[in-house]
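Colleague: So you can see what is in the structure, the chains are spelled out below.
Number of protein chains: 2
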Amino acid sequence: MEQQLRVASSIDLRSLDTRSTPGFQGDKAAGETVLSKERDELAELQEKLFAAGRFGDERRVLLVLQAMDTAGKGGILKHVVGSVDPQGVDIAAFKAPTAEEQAHDFLWRVRKRLPEAGMIGVFDRSHYEDVLIHRVHGLSQPDEIDARYGQIVDFEREVVASGTTLIKVMLHISPKEQKKRLAERLKRPDKHWKFNPGDITERACWDDYMTAYQIAIERTSTEEAPWHVVPADRKWYARLAVHRLLLGALRSLGQDWPKADFDVDVERRRLAAT
Amino acid sequence: MEQQLRVASSIDLRSLDTRSTPGFQGDKAAGETVLSKERDELAELQEKLFAAGRFGDERRVLLVLQAMDTAGKGGILKHVVGSVDPQGVDIAAFKAPTAEEQAHDFLWRVRKRLPEAGMIGVFDRSHYEDVLIHRVHGLSQPDEIDARYGQIVDFEREVVASGTTLIKVMLHISPKEQKKRLAERLKRPDKHWKFNPGDITERACWDDYMTAYQIAIERTSTEEAPWHVVPADRKWYARLAVHRLLLGALRSLGQDWPKADFDVDVERRRLAAT
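Taken in sequence, the protein lines are chains A and B.
The first sequence: position 238 = 238 (the UniProt record's numbering), numbered continuously.
The second sequence: position 170 = 170 (the UniProt record's numbering), numbered continuously.
Bound conformation, chain A alone:
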């Protein structure tokens, strides 16, 4: 599945079927069964990552989530990220920058939230907003935005070099599916809080966003930090896919429980004597 989702060099977002389930043949029930079966492995690998971090292993994982509104970032956080020990997870939600953040380089606030050794960091939106919403609404000069792609590539290379496995995900929904989900939020009083009139304003810029995403993805998908475009009209598939990306990243670290840095027999005797 990971291979099918990975962006090699170019991608055509508009022609991609957002209801497709690349690399998975089954239906929703089958997908949920797989997810629930693999949950324990994900939790154990996360614990190994965390344990290794306590013993000097510098490695960590960073999941970057980007998407149009309603595409399901929240559900991924709740159901996929939420299935591992919260002590080992650090979620950073990047909203409209504060005055202090705006006074700095666009990567400043992001650097501050990079995960520590042993942790799984999650960026709910990220430094990519500075080439997405900024491009769509002209919040920065074109040449400045142009320079940012290279700055992002350099930054991510540095992040990866410091021991971070970077998983970049765009949850990709169709405008039709978004309309359905926004209507649902407007229908249910318990979902009103998730709705913002600005969502409809942004929705009107769908095509510009697709262009901005496409450029960003093509210019920043590198060997060490590739993008993954996850069709997300089917929530169950998007969750399974991100789960699999996380699982694959953790498996590839090949970590085992850290070896004791003390003499186990000596400690047993010390304990027995108490």
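What the hints contain is simulated information worked out from the structure, not anything from laboratory work.
Ideal Cβ placement from N, Cα and C applies to all residues, glycine included.
Careful: at least some of the hints might be erroneous.
To be verified - One side only, chain B facing chain A, incomplete, derived with CB under 7 Å:
id, residue
1, 91
2, 97
3, 182
4, 203
5, 260
6, 267
Got chain A sorted already, so can you dock chain B onto it with the hints?
Modeller: Chain B in isolation, oriented as in the chain A frame:
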């Protein structure tokens, strides 16, 4: 259950039965059934807290966890805190202070990690270390430690006044139970990473710790920020108890879904027109 766990004014930690299950008659299976039944309510109330925070409600919850090693803080974080949406949770683990932290007042690092509006904050150890380990090992002068109790009471009063429901919990195990749990950690290679030779050194100071806890609890248990002593030899009970304290705190906020601050019909029409 909350009432039985709450420390009124004085407490005798040494005479408390750490295998008892105050306020709960059932056995382990019954406790787990209750916990799993009430989990959805906890998750919904957490979501309401989070939603309200987005709409200007300043309220938040802070769970302070203190305990001797192996008492089960980690299990509480994983199984109780881990049952709600991780986006709404902010866990701060306070370890031995860094040089920068030591250069400041003992409350400095704690203030920085207070939860934001709408969040459930969790302190895994806390400012209480500065009157616990500091008293046991003489890391501060006695008069300085003595002054800290009052500073803590003032600080917590300020925290509560800012809209925080404060839940202070000491997980209380017996030295015998700790011995069993440490032995288990030494036996299992997948648990070695949780063991630290210092745990046995600290264990030798058990009695001093009980004195330090007792003084701290008695001097800082106030009407607005009471302590709860949770018997923790039975892990299932400790989890149920902390779950109940969290649930009680959220229930007492009496929050409902925020009212839309937009005209729902207008937005429906706007959406339909897209």
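Colleague: Each hint should be assessed against the structure and marked as holding or not.
Modeller: Results for each hint:
The closest approach between the C-beta of residue 91 (chain B) and any C-beta of chain A is roughly 6 Å, which is under the 7 Å cut-off, so the hint is satisfied. Taking 7 Å as the C-beta cut-off, the interface hint given for residue 97 (chain B) is violated, the closest approach to chain A being about 16 Å. A hinted interface residue such as residue 182 (chain B) counts as satisfied when its beta carbon comes closer than 7 Å to some beta carbon of chain A; here the least separation is about 5 Å, so the hint holds. Contact between residue 203 (chain B) and chain A, as hinted, is supported at the beta carbon level, the nearest pair being about 6 Å apart and thus within 7 Å.
Using the Cβ-Cβ criterion of 7 Å, the hint placing residue 260 (chain B) at the interface with chain A is satisfied: the shortest such distance is roughly 4 Å. With its C-beta approaching chain A no nearer than about 6 Å, residue 267 (chain B) sits inside the 7 Å limit, and its interface hint holds.
Of the numbered hints listed earlier, the single one contradicted by the structure is hint 2.
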